[in-house]
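Residue numbers (the working numbering), protein chains in the order written: chain A, 2 to 255; chain B, 2 to 255.
Hint data in this document are derived by calculation from the structure and do not stem from the laboratory. Fair warning: there could be bad hints in the mix.
It does not matter which identical chain is used: a pair holds within one copy or between any two.
[Unchecked claim] Listed next, the in silico BS3-like pairs over lysine-lysine satisfying Cα-Cα at most 30 angstroms (straight line): (1) K18 to K56; (2) K203 to K84; (3) K221 to K52; (4) K18 to K84; (5) K52 to K6; (6) K180 to K204; (7) K201 to K78; (8) K8 to K52; (9) K52 to K200; (10) K13 to K152; (11) K13 to K84; (12) K180 to K52; (13) K233 to K152; (14) K233 to K180; (15) K233 to K200; (16) K233 to K32; (17) K32 to K221.
The structure presented is a predicted model; accordingly, all values stated were derived computationally and were not measured.
Protein chains: 2
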Amino acid sequence: MLSSKTKTILRKLSQKKHRKEMNAFTVEGVKGVQEALVHADVLMLVVDGAKREEKDITTLVTQAEQRDILVEFAGRKDIAAIKQTETFPGITAVVAMPEPEYDNIFDADTILVLDRINDPGNLGTIIRTADWFGVHTIILSEGSVDPYNEKVVRSTMGSIFRVHIIQTHNIVEMVETLKENRYSIAALDLAGTNIQKSKKTKKQALIFGSESHGVSDALKSLVDETYTIPGKGGAESLNLAVSVAIALYITSLQ
Amino acid sequence: MLSSKTKTILRKLSQKKHRKEMNAFTVEGVKGVQEALVHADVLMLVVDGAKREEKDITTLVTQAEQRDILVEFAGRKDIAAIKQTETFPGITAVVAMPEPEYDNIFDADTILVLDRINDPGNLGTIIRTADWFGVHTIILSEGSVDPYNEKVVRSTMGSIFRVHIIQTHNIVEMVETLKENRYSIAALDLAGTNIQKSKKTKKQALIFGSESHGVSDALKSLVDETYTIPGKGGAESLNLAVSVAIALYITSLQ
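When you get a sec, could you build the whole thing from the sequences and use the hints?
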């Protein structure tokens with residue numbers, strides 16, 4: 002049985018304002034919790050009592066106990082109250098939000114700049130893809146979905162802990178600072194140069210706007226080059242996470 | 002007010018077995034309905050009565066009426082009963098399922114073969130991306146999500162009408178037939194040759210397995226070449242739709 006305090010914490014952490022207030026978020030599932038135990042500050046684990054004997058879960062519980070992390074076991078009724086998806090994946094961790102670090106931002110060769118990204122699945126997939134291609138700095142504008150939203154965290158498949166996400170209230174000022182720090186600024190759009198013709202620059206920032214609004218005019222005025230992924234078919238556009246992935250693939254070859 | 006017959010039809014079409022039985026599916030939203038009116042056999046339109054004066058919707062209603070397609074207007078209570086997402090996008094079309102055509106399958110230069118793809122968002126994004134890159138033939142194995150599921154249809158953004166989807170009960174036999182028709186068979190996997198080294202072949206089939214199971218052993222035995230998208234970071238794998246997109250981008254350059 003879960004304590005009522007834990008139930009309250011879990012319920013609150015499903016809302017952005019409480020995540021901010023409590024400076025914590027949740028990660029569900031074996032893979033996510035494994036990554037959290039390696040890369041983050043895990044505050045507690047909640048385990049489905051019916052699954053406590055499963056090997057993967059036992060291993061995680063033992064690791065947590067060795068590090069004096071609180072573990073609580075949930076009964077059947079608790080699960081119904083706390084689950085975020087149709088089926089509770091057996092284990093969830095409450096994790097402290099990472100402290101934003103501003104010191105070494107401008108050391109990164111490639112920085113992704115995301116302007117008003119609303120779809121949690123897209124943001125999670127972008128974080129996972131960035132991690133795959135070794136891009137570990139993402140600047141996220143105000144008006145985007147919270148990166149610690151449970152759907153985002155789930156789609157990152159653990160990459161949320163390996164990518165440094167900087168949330169900014171003033172994305173234009175941030176991109177100006179990138180320019181001052183000698184980043185070339187590229188944006189992806191439906192009306193740019195063929196991305197195959199993109200040239201390698203030592204430090205580059207890649208800007209992507211939301212699926213519905215694209216890159217804002219204020220950001221466009223800061224862009225050195227606009228690129229397009231050439232298509233041959235009938236679709237009007239590519240999915241945002243797909244565009245980011247192709248751009249990161251191309252960048253990874255340079 | 003919607004007739005009770007229409008409400009029943011819409012409710013039934015949210016289930017795979019009824020879609021099959023009735024040989025129809027639904028497409029929500031202005032963009033999807035526009036595409037349906039161009040490329041498919043639209044059986045009826047259902048319009049949110051409160052939005053009938055909106056320009057985009059009026060245009061579609063006029064088009065439908067000129068072609069003697071039945072249009073029904075839904076009241077507030079009807080909307081609550083029929084909506085598939087939190088907000089009803091104002092218009093939905095009931096569309097006849099396309100007849101499967103087997104005649105010209107082997108004319109295509111590139112064919113996508115998808116084995117047990119479960120995630121509707123991934124399948125929809127793959128269809129949209131294939132359309133973008135001019136790949137218009139997709140073979141889908143048994144055990145995959147129904148391509149006429151409303152979430153798949155929505156994520157295709159209209160591309161569902163431009164891509165020929167062949168559902169097969171025997172994917173292995175299908176791939177054998179592709180080989181007999183001189184297709185080179187490539188698969189993507191985490192342990193293959195660097196995909197940058199892939200060579201152009203006149204006719205090629207690209208196989209992708211599900212996120213959880215990868216390519217099955219039976220299919221692996223038919224594969225001429227296995228490729229991997231090289232990564233540098235920490236993520237264990239790429240999202241499936243992202244992998245397909247990068248592979249199709251590379252193929253489009255050849």
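- Query: Hint by hint, which ones does the structure fall short of?
  - Reply: Hints 1, 2, 3, 7, 9, 12 are the ones this structure does not satisfy, whereas the remaining hints hold.
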